[in-house]
Amino acid sequence: MTAPLRLYVRRSESAPPDSERRINISVRVPTDLDVVEEAVDLVARHCLASGVPPKAARFVVRVVLCEALANAIVYGNQLDPAKRVDVRVEVGEEAVELHVSDEGAGFDPSGIPDPTEPDRIELNQGRGLFLIRQLVDEVHFNDRGNAICMIMRRA
Amino acid sequence: MTAPLRLYVRRSESAPPDSERRINISVRVPTDLDVVEEAVDLVARHCLASGVPPKAARFVVRVVLCEALANAIVYGNQLDPAKRVDVRVEVGEEAVELHVSDEGAGFDPSGIPDPTEPDRIELNQGRGLFLIRQLVDEVHFNDRGNAICMIMRRA
Amino acid sequence: MSFTVRKDDAKGVVVIGVDGQLIVGNRHDLKKKVMDAMEEGERKFVIDFAETGYIDSSGLGVLVSLSKKIRETGGDLRLAGLNDDLRTLFELTKLDTLFTIMGSAEEAAASF
Amino acid sequence: MSFTVRKDDAKGVVVIGVDGQLIVGNRHDLKKKVMDAMEEGERKFVIDFAETGYIDSSGLGVLVSLSKKIRETGGDLRLAGLNDDLRTLFELTKLDTLFTIMGSAEEAAASF
Ligand SMILES: Nc1ncnc2c1ncn2[C@@H]1O[C@H](COP(=O)(O)OP(=O)(O)O)[C@@H](O)[C@H]1O
Ligand SMILES: Nc1ncnc2c1ncn2[C@@H]1O[C@H](COP(=O)(O)OP(=O)(O)O)[C@@H](O)[C@H]1O
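Chains H, E, W and L supply the protein sequences, listed in that same order. Oh and the first sequence: position 41 is 41 in the numbering used here, straight run, nothing missing. Oh and the second sequence: position 98 is 98 in the numbering used here, straight run, nothing missing. Oh and the third sequence: position 18 is 18 in the numbering used here, straight run, nothing missing. Oh and the fourth sequence: position 79 is 79 in the numbering used here, straight run, nothing missing.
Treat each hint with caution, since some may be false.
To be verified - As a list, the in silico DSS-like pairs of lysine-lysine whose alpha-carbon atoms are at most 25 Å apart:
| no. | chain 1 | residue 1 | chain 2 | residue 2 |
| --- | --- | --- | --- | --- |
| 1 | H | Lys55 | L | Lys11 |
| 2 | E | Lys55 | W | Lys94 |
| 3 | L | Lys69 | L | Lys44 |
| 4 | L | Lys31 | L | Lys7 |
| 5 | W | Lys68 | W | Lys31 |
| 6 | L | Lys44 | L | Lys33 |
Stated by the list, open to error - Okay, the calculated bits of chain E under chain H, using three or more residues with CB under 8 Å as the criterion:
| no. | stretch |
| --- | --- |
| 7 | 26-33 |
| 8 | 37-49 |
FYI, nobody ran anything at the bench for these hints, they're computed from the structure. The beta-carbon is built from N, C-alpha and C at its ideal position, and this holds for glycine as well.
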């Protein structure tokens, strides 16, 4: 046979408007601290599958989801196994939104003190929401305070 | 240093009931045949991320989604770019459900003839729904006929 | 997705490799490639699926249509390189009775 | 997730490697491991994060708590093997000012 003659035929470039490329992933997580790691890994894999940059999916997504899930399970659902935590991820062209909501009474996030203050730095807790706020671009809560939305914008 | 002494600490086995492990993925796809391949790959990656066996995610999921998307785009939305196709995947412990719905008028799936009959075997078309029915375990339509649900049970 | 076209000069067989998927979005490209070759007088075709991921029903349809057109001009189309999954598609649709399915593209080309 | 515990007999340093995550679901296991070693008289500890994926705030909290307990008994805790991502967590929370952070576990053990 003679040398292969390569002809490439490409998809036409009629790409749809960016706003169309939305992917929505939702996972219902039991109120159990032992499943946090598995749930975090599952969502991180889906973020990777949706094209979230690997570095963000491997680290930031995992840390902030772990924090939000732990809070939802411990403070929100107060370890009540009859309650559930809902995780929803919206992957758009411009941002990834991570939503975590619990069935608890909610709280007032504005009253959380800064854990880096000298009189708090040696405490064993109180760094969860602070880390979330440092690691993602935007954090929102619903009015009741039982649902957090963490937004990571694409660079 | 002396030889490392390995101690493994495992997560406790308080696994949640199977029914809790539901994952829901939804993707909104433009009415454009040129994005079918990309949309199929995206959903297949999410199926893999949810633990769908690689063989099924790589082949069966891709073929049947490609068929259902093409039908939704061509016959359902009639290539109208103002319309959308919604793909939703529900991954449970026992089955994976693939839902594809369009904004068309629907059709009566009971009237589709068998493409393997001798007088139809040489036709250029009419094998899409047949292949879907052969490759997955259950196929359902909504009453209107603009939404198909394809169910693959775990072996 | 892309196609690789190579010509076996001795036997006069055109071997077209499908790299990627043969589906609704690109089947016309394959059709055009074969039709162009037929216009140039080619009659013996092998389509090689060794590098193919999956085929949908419209891809199968284009193969049926090409096979008919090639036979009408006195030529022949043979399929090669199908893995188990792809072969299943032909078996389920009974198209394995319509096509000559060979092992590798080399075997298929040599069989003419 | 698992822990690797090794003892440098010459220097009397206990090196605990965290393989996987140090998070809300397993931080008590690390705490117990260190407390047990303290009961057995150990005073010099290195926690090695070279094989760690991520740490959450409750993992950081357990490190703060252990560090205090170890210092109370006249011992010392040093951290090693942090990659850039993990190091960022300590910097953001200013815990890098509280801990002695070394390069590799070997360096940390030798520094006692
Ligand atoms: N989902 C939630 N429901 C109710 N209260 C919450 C929730 N999330 C956080 N909180 C409150 O906010 C406080 C601070 O949380 P965080 O910054 O994560 O630190 P930590 O969990 O270590 O206390 C918690 O102690 C709790 O009172
Ligand atoms: N989503 C849909 N909306 C309307 N009609 C549909 C839809 N899907 C399938 N059909 C109808 O069913 C027929 C058979 O479809 P199919 O088996 O996929 O074969 P083909 O697409 O090759 O015709 C189509 O020709 C069309 O009339």
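Cross-check of the supplied hints:
Distance check on the hinted pair: H:Lys55 and L:Lys11 sit about 38 Å apart at the alpha-carbon level, beyond 25 Å; violated. Restraint check: the Cα-Cα separation between E:Lys55 and W:Lys94 comes to about 23 Å, which is no more than 25 Å; the hinted pair holds. Note on L:Lys69 and L:Lys44: the hinted pairing holds, with a Cα-Cα distance of about 12 Å set against a maximum of 25 Å. A C-alpha spacing of about 17 Å is found between L:Lys31 and L:Lys7, which places the hinted pair at or below 25 Å, so the restraint holds.
For the hint linking W:Lys68 to W:Lys31, the alpha-carbon distance of about 12 Å falls within 25 Å, and the restraint holds. A C-alpha spacing of about 13 Å is found between L:Lys44 and L:Lys33, which places the hinted pair at or below 25 Å, so the restraint holds. Against chain H, the stretch 26-33 of chain E contributes 6 residues with a C-beta closer than 8 Å to a partner C-beta. That satisfies the three-residue criterion, and the hint holds. Counting residues of the stretch 37-49 of chain E whose beta carbon lies closer than 8 Å to any beta carbon of chain H gives 6, which meets the minimum of three for the stated coverage.
Hint compliance for this structure: hint 1 is the single one not met.
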